[in-house]
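Enquirer: Sequence:
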Amino acid sequence: MIEVAWKLVDRGEWELARLDGAYAGSAVDLKDGYIHMSTSAQLAETARRHYAGRGDLLLVAVDLTGLGEALKWEASRGGDLFPHLFSALPLSAAREERALSVDADGVMHFEDGAVGWA
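Residue numbers (numbering that gives the first Met the number 0): 0 to 117.
Hints listed in this document are in silico derivations from the structure and should not be mistaken for laboratory results.
Ideal placement from N, C-alpha and C gives every residue a C-beta, glycine not left out.
Treat each hint with caution, since some may be false.
Said to hold, decoys possible - Heads up, simulated DMTMM-like pairs for lysine to aspartate or glutamate below, C-alpha to C-alpha not over 25 Å straight-line:
hint : residue 1 : residue 2
1    : K30       : E68
2    : K71       : D55
3    : K30       : D55
4    : K30       : E14
5    : K30       : D62
Stated by the list, open to error - Estimated spans, in silico, between C-beta atoms of each pair:
hint : residue 1 : residue 2 : range
6    : L15       : D62       : 20 to 28 Å
7    : A21       : G112      : 29 to 37 Å
8    : L90       : A26       : 32 to 40 Å
9    : D104      : G65       : 29 to 37 Å
10   : D55       : M0        : 16 to 24 Å
Kindly produce the complete structure, drawing on both the sequences and the hints.
Expert: Okay, structure coming up:
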């Protein structure tokens with residue numbers, strides 16, 4: 000069972016969420032009615048498809064174990080099951096945050112100097 004998923008978020012949106020104690024989601028999340036997340040295996044492609052050319056982002060490690068029935072695994076890209084959260088994301092579920100940007104080719108560049116995703 001996968002216990003951690005990843006969420007790419009705008010740093011400013013995450014800072015606002017800190018005031019509320021929960022992240023309501025990006026504009027796309029709000030439009031779709033759930034918070035999109037990725038597994039480790041899905042993250043690089045998510046960054047390439049949806050975040051290429053973006054800076055001032057955070058990669059948030061989300062502990063899935065306490066999210067309960069609001070967490071659903073649903074088929075998406077290529078039939079892969081993706082973790083979707085049908086509620087606000089409590090910041091208490093965030094286990095790690097890493098600042099990054101995604102270049103025009105979709106490669107993640109972390110502030111600590113790491114490039115890509117393993």
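Enquirer: A separate judgement is required for each hint: does it hold in the structure or not?
Expert: Structure-based check of all given hints:
Proposed proximity of K30 and E68 is supported: the alpha carbons are some 20 Å apart, at most 25 Å. Annotation: proposed proximity of K71 to D55 is violated, straight-line Cα distance about 28 Å (limit 25 Å). Restraint check for K30 and D55: the C-alpha separation of about 22 Å stays at or below 25 Å, so the hint holds. With a C-alpha separation of about 21 Å, the suggested pair K30 and E14 falls inside the 25 Å cut-off, and the hint holds.
For the given pair, K30 sits about 24 Å from D62 by alpha-carbon distance, which is consistent with the 25 Å threshold. Roughly 21 Å separates the CB atoms of L15 and D62, a value that falls within the hinted 20 to 28 Å. Taking 29 to 37 Å as the suggested C-beta distance range, the pair A21 and G112 conforms, at roughly 31 Å. A hinted range of 32 to 40 Å is violated for the C-beta pair L90 and A26, which are about 19 Å apart.
The hinted range of 29 to 37 Å is satisfied by D104 and G65, whose Cβ atoms lie roughly 36 Å apart. A C-beta distance of roughly 33 Å is found between D55 and M0, which places it outside the suggested range of 16 to 24 Å.
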